Structures are given as structure tokens and as C-alpha cells.
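On the provided structure of chain A, position chain B as indicated by the hints.
Number of protein chains: 2
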Amino acid sequence: MIRPDIKRLPKRANPLEAQKKLFHAIGTTKLHIETIPLSEALGRVLAKDVFSGVNVPDHDKTFIDGYAINWQETKGASVNKPAAFKIVGKLFPADYPTTVKVKSGEAVYVACGASIPKVATSTVKVEETRLNGDQIQVMREIKPGEGIIPRGDDVKKGALIFKQGQVLRPQDIGLLASIGLTKAEVFKKPTLAILSGGDELVKQCKENPERIANNYALVVAGLASELGAATILQGIMPDSLDKVQAKIGEALTQADIVVTIGGSSVGVKDFVPDAVNSLGNPGAVVQGILLRPGAVSGFGIVDGKPVVMLPGHIGSCIAGFYLFVAPLISRYVGMEGAGMLPCLTGELTEEFDSGPQFRFLLLHLTRVEGKFLAKPVEGGSSALTTIVKSNGYTIVSPHSTLAKGSKVEVTLLGKLELTNLES
Amino acid sequence: MIRPDIKRLPKRANPLEAQKKLFHAIGTTKLHIETIPLSEALGRVLAKDVFSGVNVPDHDKTFIDGYAINWQETKGASVNKPAAFKIVGKLFPADYPTTVKVKSGEAVYVACGASIPKVATSTVKVEETRLNGDQIQVMREIKPGEGIIPRGDDVKKGALIFKQGQVLRPQDIGLLASIGLTKAEVFKKPTLAILSGGDELVKQCKENPERIANNYALVVAGLASELGAATILQGIMPDSLDKVQAKIGEALTQADIVVTIGGSSVGVKDFVPDAVNSLGNPGAVVQGILLRPGAVSGFGIVDGKPVVMLPGHIGSCIAGFYLFVAPLISRYVGMEGAGMLPCLTGELTEEFDSGPQFRFLLLHLTRVEGKFLAKPVEGGSSALTTIVKSNGYTIVSPHSTLAKGSKVEVTLLGKLELTNLES
Numbered sequence: 003m004i005r006p007d008i009k010r011l012p013k014r015a016n017p018l019e020a021q022k023k024l025f026h027a028i029g030t031t032k033l034h035i036e037t038i039p040l041s042e043a044l045g046r047v048l049a050k051d052v053f054s055g056v057n058v059p060d061h062d063k064t065f066i067d068g069y070a071i072n073w074q075e076t077k078g079a080s081v082n083k084p085a086a087f088k089i090v091g092k093l094f095p096a097d098y099p100t101t102v103k104v105k106s107g108e109a110v111y112v113a114c115g116a117s118i119p120k121v122a123t124s125t126v127k128v129e130e131t132r133l134n135g136d137q138i139q140v141m142r143e144i145k146p147g148e149g150i151i152p153r154g155d156d157v158k159k160g161a162l163i164f165k166q167g168q169v170l171r172p173q174d175i176g177l178l179a180s181i182g183l184t185k186a187e188v189f190k191k192p193t194l195a196i197l198s199g200g201d202e203l204v205k206q207c208k209e210n211p212e213r214i215a216n217n218y219a220l221v222v223a224g225l226a227s228e229l230g231a232a233t234i235l236q237g238i239m240p241d242s243l244d245k246v247q248a249k250i251g252e253a254l255t256q257a258d259i260v261v262t263i264g265g266s267s268v269g270v271k272d273f274v275p276d277a278v279n280s281l282g283n284p285g286a287v288v289q290g291i292l293l294r295p296g297a298v299s300g301f302g303i304v305d306g307k308p309v310v311m312l313p314g315h316i317g318s319c320i321a322g323f324y325l326f327v328a329p330l331i332s333r334y335v336g337m338e339g340a341g342m343l344p345c346l347t348g349e350l351t352e353e354f355d356s357g358p359q360f361r362f363l364l365l366h367l368t369r370v371e372g373k374f375l376a377k378p379v380e381g382g383s384s385a386l387t388t389i390v391k392s393n394g395y396t397i398v399s400p401h402s403t404l405a406k407g408s409k410v411e412v413t414l415l416g417k418l419e420l421t422n423l424e425s
Numbered sequence: 003m004i005r006p007d008i009k010r011l012p013k014r015a016n017p018l019e020a021q022k023k024l025f026h027a028i029g030t031t032k033l034h035i036e037t038i039p040l041s042e043a044l045g046r047v048l049a050k051d052v053f054s055g056v057n058v059p060d061h062d063k064t065f066i067d068g069y070a071i072n073w074q075e076t077k078g079a080s081v082n083k084p085a086a087f088k089i090v091g092k093l094f095p096a097d098y099p100t101t102v103k104v105k106s107g108e109a110v111y112v113a114c115g116a117s118i119p120k121v122a123t124s125t126v127k128v129e130e131t132r133l134n135g136d137q138i139q140v141m142r143e144i145k146p147g148e149g150i151i152p153r154g155d156d157v158k159k160g161a162l163i164f165k166q167g168q169v170l171r172p173q174d175i176g177l178l179a180s181i182g183l184t185k186a187e188v189f190k191k192p193t194l195a196i197l198s199g200g201d202e203l204v205k206q207c208k209e210n211p212e213r214i215a216n217n218y219a220l221v222v223a224g225l226a227s228e229l230g231a232a233t234i235l236q237g238i239m240p241d242s243l244d245k246v247q248a249k250i251g252e253a254l255t256q257a258d259i260v261v262t263i264g265g266s267s268v269g270v271k272d273f274v275p276d277a278v279n280s281l282g283n284p285g286a287v288v289q290g291i292l293l294r295p296g297a298v299s300g301f302g303i304v305d306g307k308p309v310v311m312l313p314g315h316i317g318s319c320i321a322g323f324y325l326f327v328a329p330l331i332s333r334y335v336g337m338e339g340a341g342m343l344p345c346l347t348g349e350l351t352e353e354f355d356s357g358p359q360f361r362f363l364l365l366h367l368t369r370v371e372g373k374f375l376a377k378p379v380e381g382g383s384s385a386l387t388t389i390v391k392s393n394g395y396t397i398v399s400p401h402s403t404l405a406k407g408s409k410v411e412v413t414l415l416g417k418l419e420l421t422n423l424e425s
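Protein chains in written order, with this note's numbering: chain A, 3 to 425; chain B, 3 to 425.
In case anyone wonders, no lab produced these hints; they're calculated from the structure.
As the structure is a computational prediction, the values presented were derived from the model and not from experiment.
Accuracy of the hints is not assured; some may be wrong.
[Claimed, not checked] Label pairs and their calculated CB-CB ranges: (1) A:158 <-> B:409: 30 to 38 Å; (2) A:405 <-> B:403: 36 to 44 Å; (3) B:35 <-> A:252: 38 to 46 Å.
[Stated by the list, open to error] Mimicking DSBU-like on lysine-lysine, the simulated pairs with C-alpha atoms at most 30 Å apart in a straight line are: (4) A:120 <-> B:208; (5) B:409 <-> A:409; (6) B:406 <-> A:409; (7) B:391 <-> B:409; (8) B:208 <-> B:245; (9) A:165 <-> A:23; (10) B:120 <-> B:83; (11) B:205 <-> A:127; (12) A:190 <-> A:23; (13) B:165 <-> B:185; (14) A:373 <-> B:165; (15) A:127 <-> A:83; (16) A:50 <-> A:307; (17) A:127 <-> B:9; (18) B:145 <-> B:103; (19) B:9 <-> A:103; (20) B:158 <-> A:205; (21) A:208 <-> B:103; (22) B:9 <-> A:77; (23) A:391 <-> B:165; (24) B:159 <-> A:377; (25) A:377 <-> B:165; (26) B:391 <-> A:158; (27) A:13 <-> B:145; (28) A:145 <-> A:83; (29) B:409 <-> A:406; (30) A:50 <-> B:391; (31) A:373 <-> B:22; (32) A:9 <-> B:88; (33) A:159 <-> A:190.
For each residue, glycine too, the CB sits at the ideal point set by N, CA and C.
Isolated chain A (complex conformation) (with noise of 0.2 Å):
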């Protein structure tokens, strides 16, 4: 009998094999790069391997405030019977290429950063030097190279500095001004289109067009930003197949990803999968996985481009992101196996028990001595503030019992939970 009440979905797939089958359908995909200026290059990641052209320092520097003199003219020096050397000239920073030279019984006076001046082979430090007049006395003997920073001591002319999938951090940012560069070839940003779920959200943005109606869409974007995607909020989807269809194809027009909130349940208002298959082929390829929150998610593939579909309730959203976006989004930006998103070692605080399905567990991780400690966190699956007391979550494998006390791996929900890890 057919029930007008019910929608049949596919027999529930395995979460884990669901995501290989995702990785596999945009595994062709071809990432776009972009040359940006090094000043935006913040968090981006690399797209080609960097080799340098050239020495970093490209030439003998000091890296003292002191005297360029030839060492071996130092041999035996000592308080009582020092070495003397005649000041005749000055180096800074700004004079390079230098032509100065130092003869037999000379000094010349650099500063921290000067080129070292020819025949020289180590500088002595101001403070360890006695001044009489136009003379330097030094005390004890000094070492070939002393002081010295060599040529390409830093960075070899041919080496390479970067591979490809470096995240760009500050100081790679100032090793690649520093050799020269100053432009880096990065990946795209993937952009990520949202659609939310549901006639109550019309009504609610007629009712009160100031208010965020989309808030769970708000949520998703913040992830999929923190994760590196550019993120655009496409709006709402009214209960109906063709508008759902409209919004989707619009969607997918203008992003790489698209991603649906709620309308992928049995219910009868729910049309995303329908529209997906409609708009393509294969069409819907995953609904419904099992795992607790999140058994409705699942995904679908139209012109080569995923469509993620994810439950309407915010713990069992947060589930499909983190299986399906979060790891669609590092391989999209660059990045390959776990991506931007870190992962710790906990130890349960209470017995876990995870019944016959996978778990999608939310964690809160404190760091207590020195470890963390992961405690499951309260609450419905439909409640906001369950994710707001949350930080980290794990994927627990069908009826296993994990004991209080027990590693577990967490995977924090975003870069910024690092500022709450204190207990």
C-alpha cells in the first residue's frame, strides 16, 4: 500500500562508506588556482611546490653590533695582552655591496645587519672590545665565522621551501616576501551555497523581515568560513517541489558546493532528494546514513557538483556537516586528510554505550594537568545550545561500549574552540 503520509528512502547506508562513495564521485574534480598578493595569503594553501631563486641573506652579514676584523690576527689575545686594531671605516645595513677591505691591523665598525667587509673573517662585539682613540682592543680570541651570517644561510638559492598544500601561516608569508615574492599561486576558495528548509522561515522573515530567520544557516556558514570556503546564503526553500528545485539549480549555477538544511526527511513537505534527482544525474546518490544524530543526511551529485543534504534538526545538521562538508570543504580548498580542523586525544569522563548505530558524539574537552578530558554533552539533538556547550565530537562504531577513562580521538568543531579549551 502506498501511504500518502510517508516518503520511502533507500535502505540507510554505513556514514563512513557513504563519505568514501562521496570522495569518489568528486574525486575528478579539478581545483581552481588563483595568485593573489602576499598581504591576503593568510590561511590560504599553496598550490604549487616553492622553490627559492635565490640566497637568503644573498650576502655575509653580522648579525652584532660590532667590528669586522680577520681572526687570525686575534691568536693569543687576552686581558692582559690584547690584540689592537685600528678603526677605519664604518658599515651599515644600507651599505651593500660593499668595496671596503680590511688590511692587517684593521677594524671596521658594523653594525648589526651590515655586509662583512672583504678580507674580514669574523666581527667581535662592541662590548667586548676596549676603545683607546681610533684603536679597538680585543681581549681574546675569536673564532673564523664569528658573528657572521653566512650567505644563504638562511635560505639556499634552489631549495625548496614550500610543498604544495602548505597552509599559509605568518611567517611562510614573510619567508616567501623574503625570497623575493610577492604574490603566492593558491588554491580557490570553494564557494558553498546554503538553502534553507521550510515554509515556517518564510513566514517568520514576512513577519519580521529584521529578524535572522535562517539561524541554522548562519551556523553552517560559520563552519564552512572557518574551514575556508566563501560562503553564500542563498535563502530559503518554500515547501514545494518546484520551488525547491528552482532554488537548488540556482544554487548550483553559482557554487561549487551546494548544501541544504532540513526537507531530506519522509515527511511530506520533504522534497529535497526528489528535486535533487530531478535536476540531474546521478541525482541523490546517499539518504539517509546510519548515524545518531544525523540519520537523514545524505547527498547527491548534479553535473559533477555535491549537493549535501542535511537534516533540519541542529544536532543531526551538524552530524551530516561534519561527515560530508567539512571534508568536501578541505579537499576543495587544498588540503588533504583531516584538513583545518585539529584533532585531540580525550579521555572520557562517563561510560559510552552507542547502541546499534553509529554515534555522532558531541564532547566537551577541557584540558585538565596537562591532558583533556572529554565529557559527552547533554541535551536534544534539536537544541542549539547543546552545540554551544560543545567543542569537539567523535564518530563512535555501532554497539561499542567504551569505557569511562578510554582515549578517544576528538576532532574540534572549529579553529576558535581552541580559546575555550581551559578548564
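This is chain B only, laid out in the frame that chain A set:
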């Protein structure tokens, strides 16, 4: 005897006491507050406690697709003796407030998120019913409240949602939206102006206008912006006292915090401390600290604003940055304690002996089998590659020998380091 080739710096300060002095000096600085749209609030810090003016949800709702009924009518129901209900209506999430009632023997279809009709106490999932014409059969006893999210379940009207100082994560922004807010009151981002010292930079800029001469300023700017500051690259201070004065004076009119790089040592062209002294009272407060690297770091206060004097060697510059600048930014963005920088516990991979001074020890932290190994990073303090190889640091007290395997508190250099922790 006055030596023209060396400046006298005051006795070097204990770095931790110097840090306290800095905080004491800026202790009364008032933080500014601004009101911004929630869409721009990611990572910002709440300037006030937030209480909810509403209940979330604001009416009893169902979290399943099913039928609303009165639980008492399912007493004794079983597969063999189902309880029957006549379907008398449908409710969708947009149908609120509702005047629909269920009478004895009646059920109303409720889509996930719909209001609960009056008199109904519970909902039963579509999949748990049998449909027979306009009737459903329920095959088990349903509990009072089953399938229902009561009004205020997520957030109670009047409840404290967030305390001042909360760093707003995506889920926090979602929660603010769900209590009807569209904006957040946050602390203004402190502006931080960065000045680089040295005629050699002026020369580099002239020789190659394309090139970024002050690449260390780029590193400091990146680190500061990751911590929440708005940064201004204020250019280069040529090597003369009046020009250094003018540049720092100009920066003070534009920024909350001024940071100079280079020119703070004992060289004959190190004008920064004198310039700071000349600009106002008390001027330079700390010149030189007992920290290696980082010894010629210091700070002054001019018109109540901090001027941090960082050394010109990048390793020393970074040490001074984490000692003075990072905590300043955290204070000015409105955070307590460690601020935005995460701290982790690692095991030293080799013995480390600090010697007579405090040591700023750069580390590379990797996660191996659930724990962190902290490897001291080799390399000169003039080499940017030393910083590139590092992802964290610790400060070691003087005359300390840390055994291999001993636990150290490692502060990560920034949030982006988290992508860099796996071995």
C-alpha cells in the same frame, strides 16, 4: 669614558616582571565597544553579558514527522490490540500559533517542527503507525510528552546565554540569532601599527619597488591579525632620530598599539628608545630583558599608549612579540588569560639547559600516538626558516635543566598551527 660606538641601556629586566609592568601601565585603558551585524561577528569577543528575552522554542513543537495524540488513549495498546485514531487535520511548521484541537479518538498529522495541537500530549512517528483509510493505528503505549520539544527547552526566557568575554563561534552566532538578535555588542578590534627600522629597507624599496622589503613586519602583522588586531603596516623608519620620532608619533595618532621592529639595540643608529623617550611620559619603560633570544626587546608608554620595541632579528622579534604584543592584543580584544593562543602540553624530545637567562624556546610539536612530542627547533635567531620550522614556544626559567621526556607547556604560535600537528 663615553663611547661613541655604544649606547648604554638600562639594566636588563626580568621578562615576566617586564610583562607585569606593561600590564600595570595600561591597566586603566578603557576598551571600546561597537555593535556589529551577526554576519560579521565570527571570532569577535562579546562586550556584555547576553540574556535571552524569549523562550526557544516559543511554543511546544514536535521533532518528528508523525501524529499528535493524547497518550492516555494508547494505554494498553499493542500490535494485537492497536489504538485507533481518526486523522482530523495536518499541521506544518508554518502553522503557528495553532487553534487546532484533538478530541478523544482523534489524531492530527504533524510535520517535524510543527506546533502541537491543543489537548494533544504526545506524538507518534509515522513509521510506527498503520494507516487505514482516514485512520491510524498505534501499536504501543505512547508516553506523555513523547516526540515533543516543550517551549523554552533550548533556551528559557531570562536565561544568561553568554558572558562578556565569550569569543563568538559559529554556533554562538546561531544562538544569538535564535533569540531574535541581529547584532552583537563586541569589543572593537585594537589597531596595531607596525614600523620597521633601517635605511637598508629604504634602499631595498628604492631599488625594487615591487618587493616587500619589510617582510618581518608582514610576519608580525599576520600573527597580530590572527590574534584579533586590525593591523596597519606603517612603513619604514629611516635611520635618524627625528625621522624615527616622526614615524612613531604619526603611528601613535592612528593606532592603539605601536610596534617597532629593529633599532632598539646598542648600535649607533638605534634611535627607537630615544625617540620613544622624546615623545612623551614616561617614555621608554623597559629597555632590554633577560631573555634569549629577545634581549633587546622593550616597551614604552606614550600618552597612555604602549609602544613595543621589538628587536630586528626575526627570532628575537618573535620572542618579544609573544612576551609583550600577544598578551597586549588579548587584553585589548577583551579576553582574559591566554587569549586566542592555545596551549598544549608536550614531552620534550631532548634535554634542554637554559643557561643563565630566561629562554624563549621555539618548538615543533607533533601528535604521536595521542600525545604531543615537543622538539626544540635548531637554527639561528636571524633565520626566518627557524620560525617556519616551529609551531609553538615555551619560556624556560634561568638555570633550569629540563630532562628529555619532561612535560612542557607549549603555546602555539597561532590558530593556523593546528593544521600542522600531525606527525
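Evaluation of the provided hints:
1. A:158 <-> B:409: 30 to 38 Å: 36 Å, holds
2. A:405 <-> B:403: 36 to 44 Å: The hint (36 to 44 Å, Cβ to Cβ) holds, given that residue 405 of chain A and residue 403 of chain B are roughly 38 Å apart.
3. B:35 <-> A:252: 38 to 46 Å: 39 Å, holds
4. A:120 <-> B:208: 25 Å, holds
5. B:409 <-> A:409: Within the cut-off at roughly 19 Å; holds.
6. B:406 <-> A:409: Holds - the C-alpha atoms of residue 409 of chain A and residue 406 of chain B are around 25 Å apart, at most 30 Å.
7. B:391 <-> B:409: Cα-Cα ~21 Å, so holds.
8. B:208 <-> B:245: Satisfied, since the Cα-Cα distance of roughly 18 Å is no more than 30 Å.
9. A:165 <-> A:23: With Cα atoms ~28 Å apart, residue 165 of chain A and residue 23 of chain A stay inside 30 Å; holds.
10. B:120 <-> B:83: OK: residue 120 of chain B and residue 83 of chain B at ~26 Å, within 30 Å.
11. B:205 <-> A:127: 26 Å, holds
12. A:190 <-> A:23: 24 Å, holds
13. B:165 <-> B:185: Measuring from Cα to Cα gives roughly 16 Å; hence the hint holds.
14. A:373 <-> B:165: Given that 30 Å is the threshold and the Cα spacing comes to 26 Å, the pair holds.
15. A:127 <-> A:83: OK: residue 127 of chain A and residue 83 of chain A at ~18 Å, within 30 Å.
16. A:50 <-> A:307: 24 Å, holds
17. A:127 <-> B:9: Given pair residue 127 of chain A, residue 9 of chain B holds - Cα atoms ~13 Å apart, limit 30 Å.
18. B:145 <-> B:103: 19 Å, holds
19. B:9 <-> A:103: This hinted pair holds, its Cα atoms lying about 26 Å apart.
20. B:158 <-> A:205: Holds, at roughly 23 Å.
21. A:208 <-> B:103: Distance ~26 Å between residue 208 of chain A and residue 103 of chain B Cα, so the pair holds.
22. B:9 <-> A:77: Within the cut-off at roughly 28 Å; holds.
23. A:391 <-> B:165: Roughly 13 Å separates the two Cα atoms, so the pair holds.
24. B:159 <-> A:377: 27 Å, holds
25. A:377 <-> B:165: Distance of about 21 Å is within 30 Å: holds.
26. B:391 <-> A:158: 15 Å, holds
27. A:13 <-> B:145: OK: residue 13 of chain A and residue 145 of chain B at ~28 Å, within 30 Å.
28. A:145 <-> A:83: Distance ~17 Å between residue 145 of chain A and residue 83 of chain A Cα, so the pair holds.
29. B:409 <-> A:406: Given that 30 Å is the threshold and the Cα spacing comes to 25 Å, the pair holds.
30. A:50 <-> B:391: Given pair residue 50 of chain A, residue 391 of chain B holds - Cα atoms ~19 Å apart, limit 30 Å.
31. A:373 <-> B:22: Judged against 30 Å, a Cα distance of about 28 Å means the pair holds.
32. A:9 <-> B:88: Given pair residue 9 of chain A, residue 88 of chain B holds - Cα atoms ~21 Å apart, limit 30 Å.
33. A:159 <-> A:190: 28 Å, holds
The structure agrees with every numbered hint stated previously.
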